[in-house]
Amino acid sequence: AQSVTQLGSHVSVSEGALVLLRCNYSSSVPPYLFWYVQYPNQGLQLLLKYTTGATLVKGINGFEAEFKKSETSFHLTKPSAHMSDAAEYFCAVRPLNSGNTPLVFGKGTRLSVIA
Amino acid sequence: DVKVTQSSRYLVKRTGEKVFLECVQDMDHENMFWYRQDPGLGLRLIYFSYDVKMKEKGDIPEGYSVSREKKERFSLILESASTNQTSMYLCASSSTGYSNQPQHFGDGTRLSIL
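As given, the protein sequences belong to chains F and P, one line each in that order. Count the first sequence with our numbering and you get residues 6 to 120, in order. Count the second sequence with our numbering and you get residues 16 to 129, in order.
Mixed in with the good hints there might be a few duds.
[Said to hold, decoys possible] Straight-line Cα separation of at most 30 angstroms, DSBU-like style, residue types lysine-lysine; simulated pairs: (1) P:Lys70 - F:Lys54; (2) P:Lys70 - F:Lys112; (3) F:Lys112 - P:Lys18; (4) F:Lys63 - F:Lys112; (5) P:Lys72 - F:Lys112; (6) F:Lys54 - P:Lys72; (7) F:Lys63 - P:Lys18; (8) P:Lys33 - F:Lys54; (9) P:Lys72 - P:Lys86; (10) P:Lys70 - P:Lys28; (11) P:Lys33 - P:Lys70; (12) P:Lys85 - P:Lys28; (13) F:Lys112 - P:Lys28; (14) P:Lys18 - F:Lys54.
[To be verified] Derived DEER-like restraints, expressed as beta-carbon distance ranges: (15) P:Lys86 - F:Gly58: 41 to 47 angstroms; (16) F:Ile65 - P:Tyr25: 38 to 44 angstroms; (17) F:Leu12 - P:Pro76: 43 to 49 angstroms; (18) P:Lys33 - F:Lys73: 46 to 52 angstroms; (19) P:Lys86 - F:Leu12: 38 to 44 angstroms; (20) F:Gln50 - P:Asn99: 24 to 30 angstroms; (21) P:Ile92 - F:Gly21: 45 to 51 angstroms; (22) F:Glu69 - P:Asp74: 28 to 34 angstroms.
[What the hints assert, rightly or not] A few chain F residues that don't get close to chain P, going by computed Cβ distances all over 12 angstroms: (23) Ser19; (24) Glu20; (25) Gly21; (26) Leu23; (27) Lys73; (28) Ser85; (29) Asp90; (30) Glu93; (31) Pro107; (32) Leu108; (33) Val118.
No wet-lab data here; the hints were simulated from the structure. The structure displayed is predicted, hence computed values, not measured ones. Ideal Cβ positions, reconstructed from N, Cα and C, are used throughout, including at glycine.
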């Protein structure tokens, strides 16, 4: 079965520093890949998704993620952290040609931004 | 924009009560999902539905049931609430089509069982 691993349940960065949140998937065939953000007391909001084509995907709020097949990874980055980026981030996958099966989520990474 | 609305943001119920959590989406999506979210465990799928009157068990269906009588509405039912069902519940919807469609989430219901 497909699985997703997010390294680090909690990441802390200084304001203005690089944000790097890690995500690895388990399948030999690359799936569709998604990143979501959850602000306190809210639902999940789609940040970006990779389907096909360009491996560097740009999302909202200055975030981007790069699909690396050789590393089975889809890490999320932002060049300069802002206080408003403090939230929980979830990586999710769905196998190719799997129809509308539910997304499989990682356990999440909580990002703290220090002033 | 897709709007997924969960009827309550916060809910407090007592052990043994029958609890209904309601979810409505306004984008004519075929697929709807219920998850629970607990610290350190991420999102766990309870039930999902591909069409009216259809349902599929997710990873943790025990103690829950669902109802989908209309396309836009998907209800989660706790038959006899227990304290270990205290959690954040998230509803989501998605359209049918290519597998690259994302799921759209509501704001969640934080349920406390006393």
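Each hint, compared with the structure:
1. For a cut-off of 30 angstroms, the pair hint linking lysine 70 (chain P) to lysine 54 (chain F) stands: about 27 angstroms separates their Cα positions.
2. A distance of roughly 25 angstroms separates the Cα atoms of lysine 70 (chain P) and lysine 112 (chain F); the hinted pair therefore holds under the 30 angstroms criterion.
3. Between the alpha carbons of lysine 112 (chain F) and lysine 18 (chain P) the distance comes to roughly 25 angstroms, so the proposed pair stays at or under 30 angstroms and holds.
4. Our distance criterion of 30 angstroms between C-alpha atoms is met by lysine 63 (chain F) and lysine 112 (chain F), whose separation comes to about 23 angstroms.
5. In summary, the hint linking lysine 72 (chain P) to lysine 112 (chain F) is supported, as the alpha carbons are separated by about 20 angstroms, within the 30 angstroms threshold.
6. Simply put, lysine 54 (chain F) and lysine 72 (chain P) have alpha-carbon atoms about 26 angstroms apart, close enough for the 30 angstroms limit, and the pair holds.
7. Only pairs whose Cα atoms come within 30 angstroms are accepted, and lysine 63 (chain F) paired with lysine 18 (chain P) is accepted, the gap being roughly 23 angstroms.
8. For the proposed pair lysine 33 (chain P) and lysine 54 (chain F), the alpha carbon gap of about 38 angstroms is over 30 angstroms, so the pair is violated.
9. At most 30 angstroms may separate the alpha-carbon atoms for a hinted pair to count; lysine 72 (chain P) and lysine 86 (chain P) meet this at roughly 18 angstroms.
10. Among the hinted pairs, lysine 70 (chain P) with lysine 28 (chain P) is consistent with the structure: their alpha-carbon atoms are about 25 angstroms apart, no more than 30 angstroms.
11. The straight-line distance between the Cα atoms of lysine 33 (chain P) and lysine 70 (chain P) is roughly 20 angstroms, inside the 30 angstroms bound, and the hint therefore holds.
12. Note on lysine 85 (chain P) and lysine 28 (chain P): the hinted pairing holds, with a Cα-Cα distance of about 26 angstroms set against a maximum of 30 angstroms.
13. Of the supplied pair hints, the one linking lysine 112 (chain F) and lysine 28 (chain P) holds, its CA atoms being roughly 27 angstroms apart against a limit of 30 angstroms.
14. Note on lysine 18 (chain P) and lysine 54 (chain F): the hinted pairing holds, with a Cα-Cα distance of about 19 angstroms set against a maximum of 30 angstroms.
15. The hinted window of 41 to 47 angstroms between lysine 86 (chain P) and glycine 58 (chain F) is violated, with their beta carbons roughly 32 angstroms apart.
16. Judged by the Cβ atoms, the range 38 to 44 angstroms given for isoleucine 65 (chain F) and tyrosine 25 (chain P) is violated: they are separated by roughly 28 angstroms.
17. Here the CB-CB span from leucine 12 (chain F) to proline 76 (chain P) is close to 30 angstroms, at odds with the stated 43 to 49 angstroms.
18. Distance hint check for lysine 33 (chain P) and lysine 73 (chain F): the Cβ-Cβ separation is about 48 angstroms, which falls inside the suggested range of 46 to 52 angstroms.
19. About 39 angstroms separates the C-beta atoms of lysine 86 (chain P) and leucine 12 (chain F), a value consistent with the hinted range of 38 to 44 angstroms.
20. With their beta carbons about 28 angstroms apart, glutamine 50 (chain F) and asparagine 99 (chain P) fall inside the hinted range of 24 to 30 angstroms.
21. For isoleucine 92 (chain P) and glycine 21 (chain F), the hinted distance range of 45 to 51 angstroms is satisfied, since their beta carbons lie about 48 angstroms from each other.
22. For the pair glutamate 69 (chain F) and aspartate 74 (chain P), the beta carbons lie near 31 angstroms from each other, so the given range of 28 to 34 angstroms is met.
23. The claim that serine 19 (chain F) lies off the interface holds: its Cβ sits roughly 25 angstroms from the closest Cβ of chain P, which is beyond the 12 angstroms cut-off.
24. With a least beta-carbon separation of about 25 angstroms from chain P, glutamate 20 (chain F) lies farther than 12 angstroms from that chain, consistent with its non-interface assignment.
25. For glycine 21 (chain F), the shortest C-beta to C-beta distance to chain P comes to about 29 angstroms, beyond the 12 angstroms cut-off, and the non-interface label holds.
26. Residue-level check passed: leucine 23 (chain F) sits 25 angstroms from the nearest beta carbon of chain P, beyond 12 angstroms.
27. Here lysine 73 (chain F) stays apart from chain P, with its beta-carbon at least about 19 angstroms from theirs, past the 12 angstroms limit.
28. With 12 angstroms as the threshold on Cβ separation, the claim that serine 85 (chain F) sits away from chain P holds: the shortest Cβ distance comes to roughly 26 angstroms.
29. No Cβ of chain P comes within 12 angstroms of the Cβ of aspartate 90 (chain F); the nearest lies about 19 angstroms off, and the non-interface call holds.
30. Listed as outside the interface, glutamate 93 (chain F) is inconsistent with that label: its C-beta sits roughly 9 angstroms from the nearest C-beta of chain P, within the 12 angstroms cut-off.
31. For proline 107 (chain F), the condition that its CB be more than 12 angstroms from all CB atoms of chain P is violated, with the nearest at approximately 5 angstroms.
32. Annotated as non-interface, leucine 108 (chain F) brings its C-beta within 12 angstroms of a C-beta of chain P; the closest such distance is 6 angstroms.
33. Look at valine 118 (chain F): its CB is around 20 angstroms from the nearest CB on chain P, clear of 12 angstroms, so calling it non-interface holds up.
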